[in-house]
Structures are given as C-alpha cells and as structure tokens.
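What follows is the residue order along each chain.
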Amino acid sequence: MSNVLIIENDPALRSLISQLLELEGFEVSVVENGRLALEVLGERIPDLVLCDLLMPEMNGCEVLKVLKQNPETAGVPLVFLTASAVPSDRERCLELGASAFMTKPFHQAELLATIRALLPEAGVSL
Amino acid sequence: MDFWTENICVAGIEPITRLATDLAARLFMMSELFPSQRLRPIGLLAILGTLLGLSAAGVVAAFDLWLKEAVLPVDLLIAALTSLLIGPLFVYVPLRLARRNERLKDELDAVNQQLSREARSLRVISAELSRANRQLQFSQTVAGVSYYELDFDSGVVNGSPELSTLLPSSPTDRLTLTGLLAWIHPEDRGQFSAFIERCRRDHASGHSDFRVRGPDDVERWLHIYGEFVAGNGYAAGGMVGVLQDVSEPRQALARVQELNEMKSRFIAMTSHEFRTPLTAILSSTEMLEAYADRLAPEKRAKLYGMIKSAVCNMTSLLDEVLFIGRADTGHLAFKPSPTVIDVFCENLLQEIRTGIGVNHRIVHLRLGDTRSDCADPQLLRQILTNLLSNAVKFSPQGSEVTLAAERAGESLVFEVTDRGLGIPPEDQHDLFSTFHRARNVNNIQGTGLGLAIVRQCVDLHGGEISFRSELGQGSVFRVRISTDGESR
Numbered sequence: 001m002s003n004v005l006i007i008e009n010d011p012a013l014r015s016l017i018s019q020l021l022e023l024e025g026f027e028v029s030v031v032e033n034g035r036l037a038l039e040v041l042g043e044r045i046p047d048l049v050l051c052d053l054l055m056p057e058m059n060g061c062e063v064l065k066v067l068k069q070n071p072e073t074a075g076v077p078l079v080f081l082t083a084s085a086v087p088s089d090r091e092r093c094l095e096l097g098a099s100a101f102m103t104k105p106f107h108q109a110e111l112l113a114t115i116r117a118l119l120p121e122a123g124v125s126l
Numbered sequence: 127m128d129f130w131t132e133n134i135c136v137a138g139i140e141p142i143t144r145l146a147t148d149l150a151a152r153l154f155m156m157s158e159l160f161p162s163q164r165l166r167p168i169g170l171l172a173i174l175g176t177l178l179g180l181s182a183a184g185v186v187a188a189f190d191l192w193l194k195e196a197v198l199p200v201d202l203l204i205a206a207l208t209s210l211l212i213g214p215l216f217v218y219v220p221l222r223l224a225r226r227n228e229r230l231k232d233e234l235d236a237v238n239q240q241l242s243r244e245a246r247s248l249r250v251i252s253a254e255l256s257r258a259n260r261q262l263q264f265s266q267t268v269a270g271v272s273y274y275e276l277d278f279d280s281g282v283v284n285g286s287p288e289l290s291t292l293l294p295s296s297p298t299d300r301l302t303l304t305g306l307l308a309w310i311h312p313e314d315r316g317q318f319s320a321f322i323e324r325c326r327r328d329h330a331s332g333h334s335d336f337r338v339r340g341p342d343d344v345e346r347w348l349h350i351y352g353e354f355v356a357g358n359g360y361a362a363g364g365m366v367g368v369l370q371d372v373s374e375p376r377q378a379l380a381r382v383q384e385l386n387e388m389k390s391r392f393i394a395m396t397s398h399e400f401r402t403p404l405t406a407i408l409s410s411t412e413m414l415e416a417y418a419d420r421l422a423p424e425k426r427a428k429l430y431g432m433i434k435s436a437v438c439n440m441t442s443l444l445d446e447v448l449f450i451g452r453a454d455t456g457h458l459a460f461k462p463s464p465t466v467i468d469v470f471c472e473n474l475l476q477e478i479r480t481g482i483g484v485n486h487r488i489v490h491l492r493l494g495d496t497r498s499d500c501a502d503p504q505l506l507r508q509i510l511t512n513l514l515s516n517a518v519k520f521s522p523q524g525s526e527v528t529l530a531a532e533r534a535g536e537s538l539v540f541e542v543t544d545r546g547l548g549i550p551p552e553d554q555h556d557l558f559s560t561f562h563r564a565r566n567v568n569n570i571q572g573t574g575l576g577l578a579i580v581r582q583c584v585d586l587h588g589g590e591i592s593f594r595s596e597l598g599q600g601s602v603f604r605v606r607i608s609t610d611g612e613s614r
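In order, the protein sequences belong to chains A and B. The opening position of the first sequence corresponds to residue 1 in our numbering, with each subsequent residue numbered one higher. The opening position of the second sequence corresponds to residue 127 in our numbering, with each subsequent residue numbered one higher.
These are calculated hints, taken from the structure and not from any lab test. If you're wondering where the values come from, they're calculated on a predicted model, not measured in any experiment. A couple of the hints might just be wrong.
To be verified - Chain B stretches covered by chain A per the calculated footprint, using a threshold of three residues with CB under 8 Å from any CB of chain A:
(1) 406-420
(2) 432-439
To be verified - Away from chain B, derived, C-beta distances all over 12 Å, residues of chain A:
(3) M1
(4) V40
(5) N70
(6) V79
Said to hold, decoys possible - Facing chain A, from chain B, some residues (calculated, C-beta under 8 Å):
(7) S397
(8) H398
(9) R401
(10) T402
Every residue gets a Cβ at the ideal spot worked out from N, C-alpha and C, and that includes glycine.
Between the sequences and the hints, there should be enough to build the whole structure, so can you do that?
Below, the structure is given as structure tokens:
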C-alpha cells in the first residue's frame, strides 16, 4: 500500500483529500505546514508528497528544497496543490524539481490520475 | 560823421555785403521759427525787402556823397557796376542756402520720422520681450524648471533665479559643481558625476534623474538635461541645460506602483481565498457523487457542511472586498443617527457570544453615559465586529475578550482587549494596510481586510485608532470618535 504525505494548510481540504485517498486505498499521513512535514519525513519516508505551496512557517518550495537535498528523500515525487494562479510559480516549482503542479480547484479524478502516474504500483483506479 | 560815413563810406562795399549776408542769414533763421510751410514765404519776403531797403539806402548815401563832392563820378560808376554784378548774389546765395536748408530739413524730418517709427517698433519689441520673459519665468516657476550653465574650468554654475527654488542656495550664493554634489543624495552622486563626465568626455548631451536636498530641507527629485558647449582656445568648455523638479511625477509614479502592488496582492489574495473554498466545494460534491454509497450518513452530512461553510466564507470575503471597494471609491456614506452605545454594544456582543465567540468569555465594560448622536451605527458595527472577531480569532479558547466603551470629554472611546498572540513589531507598521496579515497568524483564516475596513470606518467618523500589543501577551485596540460632530 502506497503511503502519501499530505501537507495542506486548509483544514477542510486536508480532510477532503485524506478521505479521498483513504477511500482509494492509500495510506495517508496529514500535516498542516512544512515544519511539521519535516518532522514526519524524519520518521518515515512516504512514497509521494502532496504539498500546498503557500503555508505559514515553511512554504512548499522550502519543503521541496529540503527534500531534494536529502539523498534519502531526493527521489520522492512531490506534487504541488496550490491556489496560486501565477504562471511563474509553476515554472519555479517545476525547475526546483516538483513532479507536478496542480492548481486549485482540481478534479478528484485528475488528482488521482496524477498520483497513479507517479506511483505505478498504486492502488486501483476509480 | 553819421552812420553811413562810418560804416559804408570808410569801410567800403565789403562790409555792406557781409552785413547783408548776416542779416539774410538771421532772417532765414527767423524763417525757421515758422514751423508751418505756409508761413515760410514771409521770411523770404522779409529778406528781399531788407535787400531792397539796403540798396535804396546805398543809392541815397552815394548820391549824398556825390553832392558833397566826397566821391568822384567814376567811383559811383564803379560802385554801381559792382552792385549790379554782386547784388544778385545777395539774392541768389540766400535763396540757395534756403533751398539747401529746406532740403536738409526735409531729410532730417524723414530721418526723424524713420527714427520715431523704429523707436515705436523697438518699444513694441521690448514690450513683447518683457511679456515673453515674464511668461518664461512664470512657466519655469510653475514647471519647476531652471536654466543653468556649468563652466568645466572653474566648476562654477550660473543659472536663472529659479535655481534657488530647487536647491538650498540663495540667489546671491556662488554655486559650484562641488557644492551641488554635496546636496545630492549619496546614492545618486556616482550616477550624477558619471553623467557630467560623459557629457564632458564625449562632447555629448544627455539627461539624468537624481535626488537632492531642497531649500526646505525636504528631499526632492530633479531631472537634469545638459549638453556640451565647446570652450574658446584652451578653455575646457562647459555644459548648458535645464534642471526640473520632477518630485510630483515621481510621487505619482510611486503611487501607481503602490496601487499596482496592491492590485497584485488583491489578485493573489482573491485567487487564494476563492480557490480554496471552491476546491472544498468541488471536492465535496465529487466525493458525494462518487462515493455516496460508501460514505456513512454523518460523513455525508460533514461534506454538505463543508460546502455550506465554503459558500459562507466566499460570501463573507465578497462582502469585505465590496465594502473596501465602496470605501476606496468614496461611495461609503457617513450617516450618523442617535445611538445608545451601551445598548448597541450589548446587542452586538450577544451576536458575538453566540457566534464566533462561543468559546471565549466576552466581557462588556459599561463606563458611564455613552449616548451619541454622531456615530453611524452601520460603520460602528463594522468597527467593533472586526475588532472583536480578530480578538476572538487570535486568542486561545476560554480566554477573555473585553469591550469597554466610555465618554472622554467630547469623544467616545472604545477599547477591545484580548490575551492572544499579539502582533510582531515588524508587522505593526502595515497593520491597517489592505490584505496585510501578520506573520504569526499561521493557518488562522482571514483575508487581511478586517483592520483595513476598521480604519476606513474610523476615518469616516473623523476618529482615531491606535493599538498596543505584546507578542504572546495580547493586544488592545483603542478607537476614539467625536460626539460633537466637528471632527469630520
């Protein structure tokens, strides 16, 4: 069972995304900001990270940099989920090594397809 | 011896001709006294009459001498023949002189008229020049433009009087390039020196902007245009050009940039704040569609609740944006009406206690008579609701939030106190700016519009708002509005 770490600032979206992934057979860890995410990453390396871009304390780009600097986590795919519609944000994140960049609001099918493309061994499709 | 013996007989004929010429000249001079052309012949007739009179007198005198045998007949004959020969000269010469004089007079008149015309023309040109000069000076003063000349050898700067309105120098001061550099903002000195050097080295023209301390000690932006002027011989030459005060356009540009930044912040905020609840709505509905049969009733209810909550958040955000928009465009009216502040506050607190402040202790401190005719209840509601909402949002559950209202002289003073996060000192400066949020709000929901709305409403009351805050200890916001209606 693939493990997905969700880093999301908004409590409603945290709850919705985790519910969706659990219903689709993923194992889910949820944190509300980048600093807490690094704590979780120190304990267990997930198969994929879904990360909000704009968060207090530590934003998504900073999390990605830390992830890429650590050889153990450098290969973990990271998908940004962001409410930012600034095109330069997308380019910057992909240059930093993000695997995908999804702008809110997104369709659940689109999210699941992206995750499955990055995790070929992931659970059954919708 | 009588007159004739003395003057004519002894001296001979020559004195007579000289006397006649002299008289004629005097008479011509007299004729000049007649300014009118019509009266001039009177002078000529007088000359002719005088000559005839003198001739007659000469004949009588000669006859008298002949009778007294003082002269020989042959002498008389010679005298008569001489008179016949010379006499016409007495008429011809004065006439020629008169004609010449007349011609000269005409020429002089023509020259005088020409001079008068040229003098009139010069007066017109002089008046136009004065007017153009006044217009130029007025334009220079209004536009803040000053002409200057810089001599590279001496470094002296001369210019129009407006220089002293742009620089902290008086019109009598000797201005030099070194002195000017000392007034220029340190960050702009290098660029200004490079501009002068470029004009000098390349014999070129150019322009540059720089900041300078003005006569009033207030920093201002100046625009300089200059072009190289070659010197004579070994002189290094100089520069001529204009200096212009561009502080206002610069400020306008800065204002436009600020507005653009605000617009960008607004777009970023609306994007983020609208897209997040939209995602919640879309995800909830898709989940209800796809997994309805696998979701427990309470989970389905939770999803419906999320949709409602997201819609409420978006509506609230829209209301705040519209309120700020109305305030910024001056469409927010101040409508004071008699208000019993105690009752007003108590009703408001009841709403807060049963709404967002359900987990806090909301205390109302009544401090004396607080009736007012000069408060706008709608705006006052915005002020107090936003302050109380912030106090509740940024303080721990169970903590106390206090609203105190009191009359202080001709003012009503409200204080909202919490024991919450406090505001970091580095965020306090921009606290009332639109969309500004303190860095320690973490994931507490908010748009950064609440305090901007409070400031707008306080301004409409002609009041004041202030605060004191300590990180980790809490904040106190104090609003003062006038009760006499004269502040606005």
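Checked hints:
Coverage of the stretch 406-420 of chain B by chain A holds in this model, with 10 residues showing a Cβ closer than 8 Å to a Cβ of that chain against a need of three. Coverage of a stretch by a chain is defined here by at least three residues with a beta carbon nearer than 8 Å to that chain's beta carbons; for the stretch 432-439 of chain B and chain A the count is 3, and the condition holds. No beta-carbon of chain B comes within 12 Å of the beta-carbon of M1/A; the shortest separation is about 18 Å. No beta-carbon of chain B comes within 12 Å of the beta-carbon of V40/A; the shortest separation is about 17 Å.
In this structure N70/A is separated from chain B by more than 12 Å, as the shortest Cβ-Cβ distance comes to about 25 Å. With a cut of 12 Å on Cβ distances, V79/A stays outside the contact zone with chain B, its closest approach being about 14 Å. The criterion of a C-beta within 8 Å of any C-beta in chain A is met by S397/B, whose closest approach is roughly 5 Å, and the hint holds. Of the supplied interface hints, the one on H398/B holds, with its beta-carbon coming within about 4 Å of a beta-carbon of chain A, less than 8 Å.
The interface hint given for R401/B is met, as the beta carbon of that residue sits about 4 Å from the closest beta carbon of chain A, less than 8 Å. At about 5 Å, the closest approach between the beta carbon of T402/B and any beta carbon in chain A falls short of 8 Å, and the interface hint on this residue holds.
Violated hints for the displayed structure: none, as all numbered hints are satisfied.
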